[in-house]
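Q: Chains A and B are the protein sequences, given in the same order.
Just so you know, the first sequence maps onto residues 1 to 337 in my numbering.
Just so you know, the second sequence maps onto residues 1 to 337 in my numbering.
Read the hints as simulated data drawn from the structure, not as lab findings.
Quick caveat, the model's predicted, so the values are computed rather than measured.
Beta carbons: idealized from backbone N, C-alpha and C, even for Gly.
Just so you know, not all the hints are guaranteed correct.
To be verified - Per the computed footprint, the stretches of chain B lying under chain A, defined by three or more beta-carbons under 8 Å from a beta-carbon of chain A, are:
#1 121 to 130
#2 173 to 185
Unchecked claim - Simulated restraints on C-beta separations:
#3 A:197 <-> B:201: 26 to 34 Å
#4 A:220 <-> B:49: 51 to 59 Å
#5 A:167 <-> B:245: 26 to 34 Å
Number of protein chains: 2
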Amino acid sequence: METLAMRGPGPEPALIGLDWGTSSLRGYLIGRDGALLDRRGQPWGVQHLPAGGFAAAFRGITDGWLEEWPNLPILASGMVGSRHGWREVPYVDCPADPTTVAAGLVPFDGGCGIIHLVPGLSLSHPTPDVMRGEETQILGGLAIDPALGRESLFLLPGTHCKWATVGNGRVLRFTTYLTGELFALLRDHSILGRPAAEDAARDGSTTGHGSLAAFRHGVAMARESGASGIPGRLFSTRSLFLAGTLTAAQTLDYLSGLLVGDEIRSGLTGLPAGGPPPIVLVGDRPLCDRYREALGGFGIADVRTLDETGPAGLWRIAVAAGIVGVPDERSRAADQS
Amino acid sequence: METLAMRGPGPEPALIGLDWGTSSLRGYLIGRDGALLDRRGQPWGVQHLPAGGFAAAFRGITDGWLEEWPNLPILASGMVGSRHGWREVPYVDCPADPTTVAAGLVPFDGGCGIIHLVPGLSLSHPTPDVMRGEETQILGGLAIDPALGRESLFLLPGTHCKWATVGNGRVLRFTTYLTGELFALLRDHSILGRPAAEDAARDGSTTGHGSLAAFRHGVAMARESGASGIPGRLFSTRSLFLAGTLTAAQTLDYLSGLLVGDEIRSGLTGLPAGGPPPIVLVGDRPLCDRYREALGGFGIADVRTLDETGPAGLWRIAVAAGIVGVPDERSRAADQS
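Based on the sequences and whatever the hints tell you, model everything.
A: Here's what the structure looks like:
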């Protein structure tokens, strides 16, 4: 367990926040001023629960916290509120801000006391889309730097990368890219992943992600595809290998560059003319670095990366909901819903 | 075994042709005038060989033919000439025609007598690409209707769909689209395929491909994506299901429409201005019908479908190589190489 131990008497906690995704569960103990007092992580995503299910995972991640501070309000965001989560929570439509998200909180008692589940966001136009968990990270980014609320573009790379356009302090619209999932599928199951897999099997090791040059080559190939996009260039991952231009080990970096590059090509094409607004990357640092590299390949150098914004987002939503600050606020908010 | 039995004395055969791909092997007995006298099929693709390997598959598919006509020349096209085939055959560069392909034939004796292996085609610009087997089908189409040689666009749907531009009787250039493989991956392994799989598991049956409306919806979504392409719309397969617009069973047809539509969107974008040349579909009839439907969604109604062009292509190449027509030509051609 990843933990950031608290020693001796310290600031009084005011909120327990959970970022409960598909593959991991993070628990945050948050102070009266929104400061992070303790952090824990477990691989207990909603698809990977321990024996005892949601309740056991909840008790494990909050172990000791509720015993010491039994009246702390609890807020949980992410897939825990999805159809396959602990309790399904209706989406809140875009545009969305801390107030509308807070209004969509669902208090829920799954046998562990009241947990306020954060709703995900939905969008109907131009293409229907949904997110769960990322809304909290975006609102956290806006809480950390309110200037970003004026106009910015949040990119949250991952299995499913979200591009969210922010304006007037609100999430105006967003788009989901399956880039991470697509890369894993093509690597593990397609003809494009075969050379690297055979290479790794021969060496008795994984090939790793080493070639920045091959990644950049893939990004450039995607950029140059223009309005055609990469449907007709995906196969070059194989033909460049057959032609000896790429080694087996380089094919995966090239493929990653192609896919991330096509995501950026597509995403930038969809933006209004006049160049993209300030871009903010949020998420896993090595992955954000790859996106920063790829954005550089498109001539976009001014990109900011924010680390873990989840705690700030949970705090921001809790403040908007009025469930922090007053000790007995928690039960009142639950009664009202 | 699929066979077209020959009864009694008939036209004298002049060539044995094999179309030997990744997942299937087809054998053709071809007459002096190029007419198809007998046809056989087995699921003995180069990745699915029977016990005894290539030689056993060869003896099985030609069973009886060589015993009756021991001097017949043999021509084989497809993945049998790939790195993972019986014997690797170097590609012939585009532009290519029957003469250049015939010049690249490699006579090979794998213990079953001389087999002339047909080279695949390669392309270096603008994007490196390769094909094996489709060149024979395209040359067959041109043999069936020489008028197509002036200017046409061949589409050969399948796991990997090839778009080949033909002019002056030659294959000028081509592009590979992984559409079929991508669809199977997304259906079988991604979050997009999950609703249909759960639906099928509940019903105890496969959902089948039933909804033409959902397919057309996907095609329209891809067309409307314009220069962005579908990277930001793939996920709509799930969000439209979550929103209740698509049933679980319809999601796969919609996804198929999205992918085929994006292939067409991308392919048409890459063509020179002035509209596409006459389009010819070659391959599996139901799949060609889907492509015809999708092309219709892009306003392209005048599309021709050619059935099995492999035998005509093998014959055309054999004629160009001079290995048919003269009984002892076969051994002479082999000696020269």
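Q: If a hint holds in the structure, say so; if it doesn't, say that too.
A: Consistency of the hints with the structure:
1. With a threshold of 8 Å between beta carbons, the proposed coverage of the stretch 121 to 130 of chain B by chain A holds, since 6 of its residues qualify and at least three are required.
2. Counting residues of the stretch 173 to 185 of chain B whose C-beta lies closer than 8 Å to any C-beta of chain A gives 8; at least three are required, and the coverage claim holds.
3. Range check, residue 197 of chain A to residue 201 of chain B: Cβ separation about 29 Å, and the 26 to 34 Å hint holds.
4. In this structure, residue 220 of chain A and residue 49 of chain B break the distance hint of 51 to 59 Å, their C-beta atoms being roughly 40 Å apart.
5. Separated by about 27 Å at the C-beta atoms, residue 167 of chain A and residue 245 of chain B satisfy the suggested range of 26 to 34 Å.
In summary, the structure is inconsistent with hint 4 from the numbered list given earlier, while agreeing with all the others.
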